[in-house]
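S.K.: Using the sequences and the hints, build the whole thing.
Read top to bottom, the protein sequences are chains C and G.
Take 1 as the starting number for the first sequence in my numbering and just add one per residue.
Take 1 as the starting number for the second sequence in my numbering and just add one per residue.
Hints are not guaranteed to be accurate.
Just so you know, same-sequence chains aren't split out, so a pair can sit in one copy or run between any two.
[Stated by the list, open to error] Computed cross-link-like contacts, BS3-like style, restricted to lysine-lysine with a CA-CA straight-line distance of at most 27 Å: (1) 268 to 391; (2) 38 to 257; (3) 268 to 257; (4) 268 to 38.
Hint data in this document are derived by calculation from the structure and do not stem from the laboratory.
There are 2 protein chains.
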Amino acid sequence: MDEREDSRPPEDVALDERDRDAPPAEATGELDEDDRLKPEFVRDVIDLAESGEAEAARERVGRLHPADIADLFELARSDERPMLAGVLGDMLSAEVLAEMNDYVREELIDLLAPEQVAELASELDTDDAVAIIEDMEADEQQAVLRAMEPEDRAAIEDALSFPEETAGRLMQREFVAVPEHVTVGDVIDRLREDGDLTTDFWEIFVVDPLVRPVGTCQLSWILRTPRDIAISDVMRREQTLIPVDMDQEEVALRFQKYALISAAVVDKAGRLVGMITVDDIVHIIQEEAGEDILRLSGAGDGDINEPIRETYGARVRWLVANLGTALVASSIVGFFGGAIEQMVALAALMPIVAGVGGNAGTQTLAVTVRALAMNQLTDSNSWRAVFREMKIALLNGSTIAAIAGTATALWFGNPALGGVIAAAMIVNIFVAGVSGVAIPLLLDRLDQDPAVASSIFVTMTTDSMGFLAFLGLAVASGLTSL
Amino acid sequence: MDEREDSRPPEDVALDERDRDAPPAEATGELDEDDRLKPEFVRDVIDLAESGEAEAARERVGRLHPADIADLFELARSDERPMLAGVLGDMLSAEVLAEMNDYVREELIDLLAPEQVAELASELDTDDAVAIIEDMEADEQQAVLRAMEPEDRAAIEDALSFPEETAGRLMQREFVAVPEHVTVGDVIDRLREDGDLTTDFWEIFVVDPLVRPVGTCQLSWILRTPRDIAISDVMRREQTLIPVDMDQEEVALRFQKYALISAAVVDKAGRLVGMITVDDIVHIIQEEAGEDILRLSGAGDGDINEPIRETYGARVRWLVANLGTALVASSIVGFFGGAIEQMVALAALMPIVAGVGGNAGTQTLAVTVRALAMNQLTDSNSWRAVFREMKIALLNGSTIAAIAGTATALWFGNPALGGVIAAAMIVNIFVAGVSGVAIPLLLDRLDQDPAVASSIFVTMTTDSMGFLAFLGLAVASGLTSL
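M.R.: Written as structure tokens, this is what we have:
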């Protein structure tokens, strides 16, 4: 079956045989219901590759989407990956590498000669090529760049001149821009003639003589408009432009807020220099939204493919900091040593007050960090958020105090002890609520990332306050003495 | 300036005056550098509205994008919103409502008559209309549906027949589908003639006589192909289809994995019934990725606009559960009451062991929950992940043990006590690592959400094990006795 015999579509629209004839992967059973490669399939391919049955392995992998081939490498063990790469050969394509986890890709790239990397990178849009090259060591990076065609090389060097995680790195230099005076027909003719254009674009940009964007035009608008209409009558003048030095997190928020499919990137002079499309942003939205959970717990990058030494470095730093703050809580307990000696039940009960308080603080912290990340909290409603958390804390505190107080009074047959733990619970849960919202807000206002440091401060506060309130009230109420 | 005098583009491509003439909002200073409305602007608009200067307020708000008008309502106080809605009138458009936070929207919708809601909903694509209507009380929902045109009503009732958070709710019924035999020219002519088509689409679907999708065609491919080529020679046969009953989280992962811009939704018989576009998915990716942090901390929906009573209900349930598990740790301490009485320093040191262990557990938990959510952990690499965490835990444990042990030995002048805390640290951080990865993996295998319950189990484990290891070793080493 060759559908291109009679008439060929333009070169880069044509898809290769594999794409055209392959059934969707889900139909052939390689994937489970969550679009993950089935473990038995992964095992099978690796076993075939290991036992020298390269053709059989390649035949199976040939049915997969590049994103799934990337997953196959991620799911293989680190020591199996070079062997798999050897067997699969050119199936480890530029597209597959672009889809791959950074750490796994780095491992594989290290195996290749600079010329091979250069060839792979030149098959990709600038943004994907940069992603492959940016993490290499400086000298290897230079070797790869030297091996590239001057034009590709210039585009990548230009991208690398922008700081990491900015729009300049993310954007592709391939886009369609037309002057204002052309008609819809002119645009269509130009698109039909120019074989060098990028394959995937969803909007075209209309620019003035200085190449500054004056409007954006969705392809559907062009398709639905008669040929003789001027493009300036179809385009939308209201545009959302992305400054080339904008941080990728802000780019992602902007795409999300204004539901963008693509956007023009402009330099300081307002000239169109690139385009960002939503499919490159989706990963960033996912990453940035998921990052907070890792930052709050001090888990560093939190990637399961990260080398163990790096993971250890990131996490242990956090645990040492935690050890330091735990000393504060510990010294409070130490101060009440005499009181505990007289009434050792206090030692058994005090972790409950600290623990539940810590939990209440974490709840508030999670909500506040999320709201800040989603730009929902500004100076307009910060105080409202603080008061809201105070009210919730009083409700939570009263409920927990009632339960813990009653249970303690009955268990120990000591109503005064029940009263002390109840009062300590209210105090600590209130403090937890206030610090859980106030600390991240304060860090945000000081231009610090509220997700990074706040949990250490909040935990220190709830631990210390839990011990202080409980042991202090026990002494103040005459249950015990210092 | 009226650019449409000489020649009009098709009706629904034409944009209204406001869209055409308005400068981008960022240029006029309503927004800060993070695209958030400036607090002084918000205050200004509300003050104008309150003091009866409706025209001035409307004039300011008129420059904003619908997403920013939605933000304005979210940033206003709850008691200011009805007044603001009254002053802004039709600026509170269907599009603004579609962009608004669910809770804030519900508040405003409650103020409207069913006929008004029906009119607003009929201006939107099905997916956005459903989002507005789905959370209403059953009788109000019926009243709104009765007030709608039969066609709109049928589409919405159809959408509501699918479970919440499935593709059937998310999809729009407006899409472009053509039979296989037409040419590129036929498609363009049809798009130019049909004024009822949806405005925003990025791909068209090619269907067989039973309306089952056989291929997808990006608009750019159509634009770049001569008119006489058959559409079946331009389309891509390899498609990613979305079953109508698929959960939205899986839809989001599929969009992300395969970098989709839009996708055909099919019913059980494989017939094309709708289309999902990436701009509707971006919100879901954000939400789902950010949800885990809220679930891990038991913060419920975690929306700062949620009514306090609902927030209280969600959070207090979690704190009560936490109180229950804290009892386990507490009873372990209670068991060692005699040992603590003899050596009260133990009471001061034990929270450190439990606290740092809890932190180590949370780090592993966060990494594992993220990896599961991103489909990176399958049966192929679960054991590898467990061994990886064990190694990291041993490295972390040894480091923390060395620091805590040395410090304790010096501080208390008691090397044996230093040895005990060091050993307890290693044990507890190791247990933390194993439970932090094994508990969420186990919950996932049991088809439970690993983010929801695992932190309670992990904390209980690290607290109990911290106390048990430290106090137990203190007794076993003869430092103290039961």
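S.K.: Classify it for me, residue 268 with residue 391: is the Cα-Cα distance of at most 27 Å met within a copy, between copies, both or neither?
M.R.: neither (47 Å within a copy, 49 Å between copies)
S.K.: Is it within a copy, between copies, both, or neither that the alpha carbon of residue 268 lies no farther than 27 Å from that of residue 257?
M.R.: within (23 Å within a copy, 34 Å between copies)
S.K.: Checking residue 268 and residue 38: alpha-carbon separation at most 27 Å within a copy, between copies, both or neither?
M.R.: between (49 Å within a copy, 23 Å between copies)
S.K.: Up to 27 Å between alpha-carbons, please classify residue 38 paired with residue 257: within, between, both or neither.
M.R.: between (36 Å within a copy, 16 Å between copies)
Comparing the model with each earlier hint shows a violation of hint 1 alone; every other hint is respected.
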